[in-house]
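Visitor: Sequence:
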Amino acid sequence: MEAKTSELIKKAKKMCLLCYARRHIETEEKERKEVELALKEMIDYYAVLYDDLRAQNAAVEKIKSALNNMRYCKDLLEKCKKCDRTVDTVNRAFVSKI
Numbered sequence: 001m002e003a004k005t006s007e008l009i010k011k012a013k014k015m016c017l018l019c020y021a022r023r024h025i026e027t028e029e030k031e032r033k034e035v036e037l038a039l040k041e042m043i044d045y046y047a048v049l050y051d052d053l054r055a056q057n058a059a060v061e062k063i064k065s066a067l068n069n070m071r072y073c074k075d076l077l078e079k080c081k082k083c084d085r086t087v088d089t090v091n092r093a094f095v096s097k098i
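With my numbering, you'll find the sequence shown wraps up at 98, consecutive numbering, no jumps.
These aren't lab readings, by the way, just hints derived from the structure by calculation.
This structure is a prediction, so every number in the text was calculated from the model and none was measured.
Don't be surprised by glycine CBs; every beta carbon is placed ideally from N, CA and C.
Possibly wrong hints are sitting among the right ones.
[As the list claims (entries may be wrong)] In silico DSSO-like links for lysine-lysine, alpha-carbon gap of 27 Å or less: (1) LYS14 / LYS33; (2) LYS97 / LYS30; (3) LYS74 / LYS13; (4) LYS79 / LYS33; (5) LYS40 / LYS4.
[To be verified] What follows is a list of derived Cβ distance ranges for each label pair: (6) GLU29 / VAL60: 36 to 44 Å; (7) ALA59 / ARG92: 16 to 24 Å; (8) LYS64 / ASP84: 30 to 38 Å.
Whenever a hint applies, use it, and build me the whole structure from the sequences.
Guide: Take a look at the structure:
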């Protein structure tokens with residue numbers, strides 16, 4: 001499961017950098033859509049993980065971690081939607097978190 005999240009993070013960071021790099025070129029913003037898609041997949045993943053952990057009565061730390069990660073991805077999704085492409089927002093957020 002961690003491999004899936006690290007793959008999605010890597011994809012989101014790469015597409016965010018491409019979106020940022022192509023800010024002066026008129027594009028259809030397909031990179032932004034890919035970043036948003038990766039973030040939505042991570043949100044769904046953490047939501048399922050959160051529900052599973054709660055159903056299993058797992059450790060509180062694991063449940064809180066899944067919930068915090070889901071909230072973090074939701075916040076990043078909103079930042080990405082509002083991004084004016086002057087900064088590689090999602091990429092920097094993941095770099096600072098890791």
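Visitor: The structure should be examined with respect to each hint, and the outcome stated for every one.
Guide: Evaluation of the provided hints:
{"no.": "1", "hint": "LYS14 / LYS33", "in the structure": "holds, 12 Å"}
{"no.": "2", "hint": "LYS97 / LYS30", "in the structure": "holds, 25 Å"}
{"no.": "3", "hint": "LYS74 / LYS13", "in the structure": "holds, 15 Å"}
{"no.": "4", "hint": "LYS79 / LYS33", "in the structure": "holds, 13 Å"}
{"no.": "5", "hint": "LYS40 / LYS4", "in the structure": "holds, 13 Å"}
{"no.": "6", "hint": "GLU29 / VAL60: 36 to 44 Å", "in the structure": "holds, 40 Å"}
{"no.": "7", "hint": "ALA59 / ARG92: 16 to 24 Å", "in the structure": "violated, 31 Å"}
{"no.": "8", "hint": "LYS64 / ASP84: 30 to 38 Å", "in the structure": "holds, 33 Å"}
Checked against the numbered hints above, the structure breaks only hint 7 and satisfies the rest.
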